[in-house]
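Quick note, the sequences are listed as chains P and Y, same order.
One point on numbering: in our numbering, the residue at position 317 of the first sequence is 317, and numbering is uninterrupted.
One point on numbering: in our numbering, the residue at position 1 of the second sequence is 417, and numbering is uninterrupted.
Please keep in mind that the hints were generated in silico from the structure rather than gathered at the bench.
Every residue gets a Cβ at the ideal spot worked out from N, C-alpha and C, and that includes glycine.
You can take every hint at face value.
Selected chain P positions facing chain Y (Cβ under 8 Å, derived; list incomplete):
1. Ala75
2. Val84
3. Thr106
Under 7 Å between C-beta atoms, here's a sample of chain Y residues computed to sit facing chain P:
4. Leu620
5. Leu623
6. Gly632
7. Ile633
8. Ser677
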Amino acid sequence: MPDPAALALEHVTSGYGDLTVLRDVSVEVARGEVVGLVGPNGSGKTTLVRVASRALPPSAGSIRLGGLDPYGLSAREAARLVAVVPQDVTPAFSFTVLETVLMGRTPYLSALGGGGPQDWARARAAMAATEVQHLGDRPVEELSGGERRRVILAQALAQDAPLLLLDEPTTHLDIRHMLDVLAIVRRLAERERTAVLAIHHDLNLAAATCDRLIALHRGEVVAAGPPEAVVTSELLRGVYGVDADVSPDETTGRPTVRLAVPAEAAARLGRRAHVVGGAGRGARIMRMLAEAGYDVSVGVLHASDTDANAAERLNLLRVSVPPFSHIDAEAEDAARSMIREADALVVCDAPFGPGNVANLRLALEAAAAGVRTVLLEQVPIEERDFTGGEATALWSELRALARSVGSYEELAFELR
Amino acid sequence: MLGVAVGSVPISPGSALRLVAWKLGLAERPDVPRSTEVILFQLRLPRVALAVSVGLALAIAGTLFQGLFRNPLADPAIVGVSSGAALGAIAVIVAGGGALFGGLGVSLAAFVGGSVTAFFVYRLARVGPAVSVGTLLLAGIAVAAVISAVMSVVMSFAGEDIRSIYFWLLGGLSARGWTAVQVVGPLVLLGVAGAVMLIRDLNLVSLGEERAAQLGIDVDRFKWQAVAVGALLAGAAVSVSGVIGFVGLMTPHVMRLVVGSDHRRLLPAVILAGPMFLVLADLVSRVAIAPQELPLGAVTALVGGPFFLFLLRRERRRASARA
Chain P
1 MPDPAALALE HVTSGYGDLT VLRDVSVEVA RGEVVGLVGP NGSGKTTLVR VASRALPPSA
61 GSIRLGGLDP YGLSAREAAR LVAVVPQDVT PAFSFTVLET VLMGRTPYLS ALGGGGPQDW
121 ARARAAMAAT EVQHLGDRPV EELSGGERRR VILAQALAQD APLLLLDEPT THLDIRHMLD
181 VLAIVRRLAE RERTAVLAIH HDLNLAAATC DRLIALHRGE VVAAGPPEAV VTSELLRGVY
241 GVDADVSPDE TTGRPTVRLA VPAEAAARLG RRAHVVGGAG RGARIMRMLA EAGYDVSVGV
301 LHASDTDANA AERLNLLRVS VPPFSHIDAE AEDAARSMIR EADALVVCDA PFGPGNVANL
361 RLALEAAAAG VRTVLLEQVP IEERDFTGGE ATALWSELRA LARSVGSYEE LAFELR
Chain Y
417 MLGVAVGSVP ISPGSALRLV AWKLGLAERP DVPRSTEVIL FQLRLPRVAL AVSVGLALAI
477 AGTLFQGLFR NPLADPAIVG VSSGAALGAI AVIVAGGGAL FGGLGVSLAA FVGGSVTAFF
537 VYRLARVGPA VSVGTLLLAG IAVAAVISAV MSVVMSFAGE DIRSIYFWLL GGLSARGWTA
597 VQVVGPLVLL GVAGAVMLIR DLNLVSLGEE RAAQLGIDVD RFKWQAVAVG ALLAGAAVSV
657 SGVIGFVGLM TPHVMRLVVG SDHRRLLPAV ILAGPMFLVL ADLVSRVAIA PQELPLGAVT
717 ALVGGPFFLF LLRRERRRAS ARA
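Bound-form chain Y, shown alone (with noise of 0.2 Å):
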């Protein structure tokens, strides 16, 4: 609500309401000017979708590396994901074809190069029918230390792009619009229901591999779906936004402390908290030095971060008081 209100035009909440209602043909048209109708329909509204998709494809990426890799620190970016988009996406700018398909190249090229990534990130990780989730992890560390450095090499020729290359690997959600919501609405809601599917069964890897296929989870089959539903969102995601770090690191393990580590409990905390959270920093990166914008990624961090660091210690003092 905040989201779609606050800007270089204020837009009460009950104008905004009223607007919505009218469109969905509920309520006579308001007493408001013109531009502000454009403006909450083709600016604001997107805008706030978009950062609430992101927000939730990220956000549960997280979580779902997170039980996977049993390991607090991972995150979207972990089977190579991250960097495999950004690599299509800057291949793309360079290229000079970021206007293909009405100015969704960068994002398609995104999409396949995360997702092409961690396919190719996890056949690298298989022995056999079985993939360690330790060398899971190597083989996406090291994939995208290599992804990195082509992408150093790309970046060289770029010449004009390389501003729209830094903006991009910042992160951000201005100037989409409907039809980036539009493809990325789909799939993020896809990858919602997938992960649905299998929150249970990730408490019970978290237990370690061999304890939960004791406990009668197909943990091959488990590993392989999470990898590709964790996968999914976070190409999606990656594909409009860029790359925006913290939120699938950070709210996962921000929920877990309020509402502990039953992935039942966790993953609805986690969609209502990843959407607020991206929602909110996209407000503080539009509003912190209008009408620039700051950079998505960096506000993420920047208000992360320190949050983050407080949840923790105090998490830290209580555990220590009940011992």
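The shape of chain P in the complex, shown without the other chains (with noise of 0.2 Å):
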């Protein structure tokens, strides 16, 4: 006979007083397995675990766990099969962070004992796993987030239990230790073959670690199954209101999200303006422009430069040329054309070089032909010229015939 599963809610329905949070919800997270809950606030992500964990029950549908139905055990008899880590937990008194894991072994203590050498041990071991072994005497009040995130999870391992559940196991994480969580999370599915249940926001992170989801909406299963069936443009949508591109991981195939706009409609106001940019310098003008209901041209661009691709994921009128190539004629006719046809000329403050130096001859032409232009100045000139003084001579003769600001706000107010 197989295992039962770890966790197994059926047509579960649940929430507080009147209020319905889950509605008729079927979950399943065999051993072993990694499972992403993910879903937009408000969602019941966090009800879910907490009908899971003993704390809420439901109020239509069964739960086991392990086959057992946890409101029909005592507390104590729960803790053995469920651990949960919270976001956070700040105990009223100062415990040090060993006093703290070993709570962990509560589920296996009687009233009075105070643990013998296996709990010891396990308590130990867990703490070697997250990585907090020499914080041992440390009081937790004195740890940062990351090392406090780490003590809980400790304190959940040494429960032993066979599921474990994590409400955002990475907020206020670092990169890296939010990866090293993921990694004591994934071994332990291997190496015990835990059950574990995760509560991500981020669908990057989840996609890549879980090796399913369950996607939840307003209480209800909206999606479940392999990360590239539930991140999709259409839950995004969906689910979560967004616009976005879903692409898979050039390395690991697994799906990622890139967002775009968001899809608010800004009134359109009929007018026109052209960016010169380049090194991402103009990414934000771009979408500050184009928020405000400009329309909104860019170029010349490289290719593949954070501002081209900014300028494709906004959809905007562009002209490119190669990475690394020249501007060549082509390019600077569309672009000469374009910013004719602009109401304004927004010149970054990016570097310039002989492949790029065209565009400040362009605009240096608009400009002295009447066209309204503004340069974004943080950067001196003398800083992003790699033309030997071209570049340099050409912004300060833009410089004589253009507004010049210091900050978006200015410019925010310059282009109103």
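Hints given; two lone chains; assemble the complex.
Following this line, the structure appears as structure tokens:
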């Protein structure tokens, strides 16, 4: 007979008082499996974890932990079947790390017992697994957020339960500790065959680290299955209400989400602005202008440059040349006609080299012809002139004809 | 030991020990005046025993409530036990029933008043099967406020009895004799045993109720038990000694600074320190302006307050030096 699932919710409905938060939810997590629970705020993720951890009984449906109903067991018995890692724990009094982790052994101790050698060994092993063993005697409240998170994880590991529930295990962690925590969880699943259900806010992280994902929306399961079946642009639009590109990661093949502009439709101004950018200096301005309702054109850019990617994602009118090449006559003409139709020209403080100095000549030409021109100057031209002086000369000529601003706020004011 | 020895009539520790040994049939009767024997057995020893019991009860009740409420400012008065007990006592004094049950009428009334109030507050805070600790705190404070108002009304009818009421409200251990010890002792022992059973879970509850439940604690049952044991202890103490503040608030704090917050180490420390503190405070109250007595409650606050502040500041400095 196969093991009963570590966690099985069948048609569970639950909530608080008259408020129904989960509706007819069925979820199963097997031993050795890492499952991610995703969904927007208020979709019922935390409620589901509470139901599964014996904190909130379902009003309908059934829940089984390893085949047993936790609400029919004592708190102590249930705590041997499921361990929870909450987002944060703030003890009212000062406990050391070792004392805190040892508390995880509570379900195995008698009311008076302080824990035998075996309990200490388990606590030590859990501390080693989360790399907090060197902190043993430190008071928990003196630790950093990341360290405290790992102490709580160790406390849950010391519980030795076949099911581990994690409530956003990686929030407030830096990238390294985030990956460490997820690696620990993965190791547990592989070595101890622990079943893991983790709430994730970061879809990319969830897709990259979970075997399966379950998406909740308004208390119902709207998608479940392997990451590529759950993290789709349809889900993002339907559930989160955002437009996004989802494409397979180049190395792992897992779906990755790239967010586009918020879908709020800015009132069109019927005005056109042209942006001369490069190396990412223009990306924020493009978005700012697009959100303000401008029709934005960009160029000339080098393909694959940060600004070129941003323009592509924002779906702007753009002209670009291949990476590392010089701006050719064709591109120059295309940009010139874009600028001619523009009501305003914004020149960003991008680095200028032989490859793109033609942009400055175009800008000067337009400014001289009376196109309203604004220069964004946060970095002095001397520091981004890679032409041996030509760019600096062009820039000072431009400055004589254009308005020069030092911040995005000033720029917005200038173009309002 | 000091508590036995010092007083208007000094008794040397040596003669005290020998007298006790004689009483227990272990030695010859020492060569001391008959009056010394009477003072020792009828006054000093019962008084010290009472101080030990009351100190123990208040300090443990304080530890329990601070752990349960996750609030370092909680003390035995918090679920209304003290005010309920005081009301019971005052009502009996005013009604002239102080002499009932061999002089224990006031104590009995105080104990009943305290227990009933604690039970009432607990019921008030209960919604379904769960008791919110925050609501419990508020209900306790509100009920205590109502009770003290009622108390003021009752006291305005007191007339002649007002002196004994004030004395009772300020707390003291004088002239209670062995009867009081016999009544309170078993209750306190019962309470101590109960507290010992709860101590491990108290650690977990101080992480937060939901976390404690996740780690296998039946939190609702725990809360009920902790309030019952705490109320039993506090009620027993208040019933014989009146309202003595600061012992329950401070002893756990001071001991926490010394031995840390793990309640398994804290409780034994509190069991030692609570009685010691109260015996010493009682000693001061007896000898400071002898043969007059200072109110014990005033002494505990006067001695304990500054000492506590000193410890607190020292701890803060050390914490900031470490950070």
